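Engineer: Here's the letter readout for the chains.
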Amino acid sequence: MDGAVAAEAIAWPDAIFAELRRWGVRQVAYVPDGGHARLIRAVHADEAMRAIPLTTEEEGIAVHAGAALGGDRGALLMQSSGVGNCVNMLSLVKTCRFPLLVLVTMRGEWGEFNPWQVPMGSTTEAALRLMDVEVRRADRPEDVAETVNAAARMVFEGGSAVAVLLGQRLVGAKVF
Amino acid sequence: MLDRRDVVARLLRDRGETLVVTGLGSATYDVAAAGDDPRNFYLWGAMGGAALMGLGLAIAQPARPVLVVTGDGEQLMGLGGFATIALQAPANLTIVVLDNGLYGETGGQRSHTSGGTDLAAVARGCGIADASRITDMADVEALAAAIAGPSGGPRVAVVVVDTAEAPRVLPSRDGAVLRGRMQAALGLAA
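If you read the protein sequences in the order shown, they are chains A and B.
Residues 1 to 176 in this note's numbering are what the first sequence lists, from first letter to last.
Residues 1 to 190 in this note's numbering are what the second sequence lists, from first letter to last.
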């Protein structure tokens, strides 16, 4: 990997942060994940954003429904294992047609050493589609900004529910 | 013992700019019975989500009081939410848990609050300092005044109510309509 590519590989969370700023996202709820660590730090450091740590991912579905009800744009950050926790709470989004932007870092699909991550990682997209959440994917650093931007337009201009899956090949397999 | 309808009617009597989110089941019927309003958002599902929906709304609308009215069963499904709310500490958010110690919607099974779980203590343990247990109308009056602030929150009030089942008052179940009308009342594009 040459220097330019290495810098780009590091910069994709910054590209997401820039998109969230550009779209005027104010509430950012999250369950921590290593893949989102750099983005979470940036959100906490930005006075225009409200970082909202959750105890479990489905809380974020309800928080962002309330945010949208009151006129705030939001983004929900989680790891793929958290998607399964959200299924029933997504009935709120589906029934009331709330906008929802979810950014999911994938585990259990590329070089995963922990087999416990595989069952949910391999069904993340299906679980989202089960509740009519649109799914987009980025596996290369150069695709991240464009994919998040396209998803944000669907959410904030079209009122859709969209998840962007950030592939484990992009995020990097966890090494112990 | 307090009657849930009397409690909710008193809390909403002088509601001013208050925005209300209800937890599914009896709390939804209680708020509807006190009078429908575009600034009421009734949940008919999403169990465990009422207080957290109130959190997102309270952050988005910091100048207005946000009142969540829910039951003990609904809140028990979202206990972690107390920790999430404590961390954000929205001054304009009040969560009222109408605690009758049972799951009224599903046959009256005893809830965990009948067996010793103290939701006010849970809220305090999660970091919400203003968490109280209310058993008389004088304290309900004081709570109503505090809610209108809108400051001093977040607060959790566990109001102990009797187990009588009031006649059901059913508001709209159309979530998109409920969303749109509150957004219109707030002057927001739906």
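Treat the hints as calculated values from the structure; they're not laboratory data.
Check before you lean on any hint, since a few could be wrong.
Okay, the calculated bits of chain B under chain A, using three or more residues with CB under 8 Å as the criterion [to be verified]: (1) 53-63; (2) 71-77; (3) 80-86; (4) 181-187.
For clarity, every value in this text was computed on a predicted model and none was experimentally measured.
Glycine included, C-beta positions come from ideal geometry on N, C-alpha and C.
Engineer: Against this structure, judge whether each hint is valid.
Structural biologist: Going through the hints against the structure:
Coverage of a stretch by a chain is defined here by at least three residues with a beta carbon nearer than 8 Å to that chain's beta carbons; for the stretch 53-63 of chain B and chain A the count is 9, and the condition holds. Against chain A, the stretch 71-77 of chain B contributes 0 residues with a C-beta closer than 8 Å to a partner C-beta. That does not satisfy the three-residue criterion, and the hint is violated. With a threshold of 8 Å between beta carbons, the proposed coverage of the stretch 80-86 of chain B by chain A holds, since 4 of its residues qualify and at least three are required. Using a Cβ-Cβ cut-off of 8 Å, 3 residues of the stretch 181-187 of chain B lie near chain A, which meets the minimum of three, so the contact claim holds.
The structure fails hint 2 only (numbered hints given earlier).
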